[in-house]
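Participant: Protein chains in written order, with this note's numbering: chain A, 16 to 247; chain B, -18 to 309.
Note that these hints are calculated values from the structure, not bench results.
Among the hints, a few may not be true.
Said to hold, decoys possible - Each computed DSBU-like pair below joins lysine-lysine, with the alpha-carbon atoms no more than 35 Å apart:
#, chain 1, residue 1, chain 2, residue 2
1, B, Lys267, A, Lys175
2, A, Lys45, A, Lys176
3, B, Lys275, A, Lys164
4, B, Lys(-16), B, Lys267
5, A, Lys143, B, Lys(-16)
On a predicted model such as this, the values are computed, not experimentally measured, just so you know.
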Amino acid sequence: MGINLHNRKIKNSVFSPFFVLGKLIKPLPKLPIELLMQHVATTLEINHPNVMRRLESLSGKEFLICPLDFPYKIMLRLNHKSLKIKLVDYTCQVADVTIIGSFDVLLQMLDGKTDGDGLFFDRSIMVKGDTSALLTLRNAMDSDDINLKDEIIRSFGIFKKPITEFINLTDLIYYKLDHELNDLNRALMEPLMLRVKSVEAENSELKEKLSMIEKSLSKSNKKLYSMSRRLK
Amino acid sequence: MNKKPELVCPAGTPAALRIAVIAGADAVYLGLCDQTNARNFPGLNFSEEELAQGVDFAHERGVKVLLAVNTYAKAGDNKPWIKAIDIAARLKIDAVILADVGLLDYAHRTYPDLRLHLSVQAAASNAASINFYAKEFNVRRVVLPRVLSVDEIKAINEKIKVETEVLAFGGMCPMAEGHCSMSSYVTGQSPNKDGICSPPSHVTYEQLGTRLATKLAGLTINNFEEHEQVGYPTLCKGRFMANNRTGYLFESPTSLNIMTILPELIDAGVSAFKIEGRQRSKAYIKAVVENFRKAVDAAAEGRKLIIPMDHLYEGGEDTVGAYKKDWS
């Protein structure tokens, strides 16, 4: 299930390269990943002051971002003109707003490549909590041109070149892995989907039969009723 | 042969303005970050500085900027609305979209050279009403309410001298525009005065097993089954029970889309097509504006071009609404 914007099918599968990445990084300590994410958030803060101005009213609010294909949830706390990132365990539940979806979809939303409303309407993402805070965040992030890849590259200053090469390599690995996982996903899901379709067909046949039985029962009831009236 | 109509596109944020301009808008419409416009959503709209930058960006590319000051001024405190008109005149905005008679009068008297458009919020739906606004305030264009058929629009255009603009894509509004109090009745905030219909501060979503309940001010507006497209909870698009039947009493969640009747509307003398959606994302704006640019260009050449946009419809459905109404 997903929506197609700019001719690109957005997946809602948890079977993604982020799932594989999550399995690889799960045994590692959280701190370096957290520091890297905080570095990206600080870069966004510096490069997009107008976005931060739009977020001022949300000071103190917490957003729990739950990528379904990642071992951690990401807690984003908005302090006055700053973004604080913390990785939290998957059992953590408490926040003003919770956003649930696959990592790829959430990143595309941040990049403004997909329509967040559309994703919510077709249930590719789920949201809970303070709707006003959520809309403010969505509108603020959407108010500027944010390209996450460029932001990361720019943030590394003199290390721009090796970081660009590294990101290009991970991009390539991502798309290859994504392709492979799609094939795997299809192979696993196809028999299941066929089964679901046959159950659905069986179900609608049964529904039809039931409706016919109900109709004939109703007719019989009417006949019985008129007979009993005549007998009286 | 009619003049090629303008494509008027929404710009809820500076990034959306840039996207709309690049995607092919002839004009963009926008609002300031306050109650003076009918899309006063949190995190949306323009500061004065952003507006000035947006005007430069658009004008450099030959695109017009229209400022929506289309709510009704608050009794006893019309300063924010007056300030918005003053800003429009100072920044050389191409036109101001107004609904309030007092504000139209102020703008006309203070800035006689400032072009004025009558907002859909004024609900001017006949030639006499439109001629009144044209005569009294030199209104140059009227945005027609979404209750008129193509034939009625043609009849109106034959009796007026000002331009007409029609809503082309986006939300449907079944009520008398500018006079609807449904959201206000439930939330205490008026779309016509506070600029916000179904304020998000009053919206909640509740997952009930496989169903999703959408609520406005604690009232359940809809209960969506797992296979159904979810919609934003507005009272007019609520699913309610009456006479033991559950259904959409006022209007079902569906998107207005007039792509199929663009040539007919051009023949009816329409001067501009407006895409609705200042509260929607950049991705949505890009997709809709690009598609409508192609369709309007084709229609102006007498061709009908239909581009499927099912994925962008609210509730997964579209309608031409009253433009092709078979009721009176």
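Participant: None of the hints should be skipped; say for each whether it holds.
Facilitator: Hint check results:
no.	hint	verdict
1	B:Lys267 - A:Lys175	holds, 31 Å
2	A:Lys45 - A:Lys176	holds, 26 Å
3	B:Lys275 - A:Lys164	holds, 31 Å
4	B:Lys(-16) - B:Lys267	holds, 25 Å
5	A:Lys143 - B:Lys(-16)	violated, 49 Å
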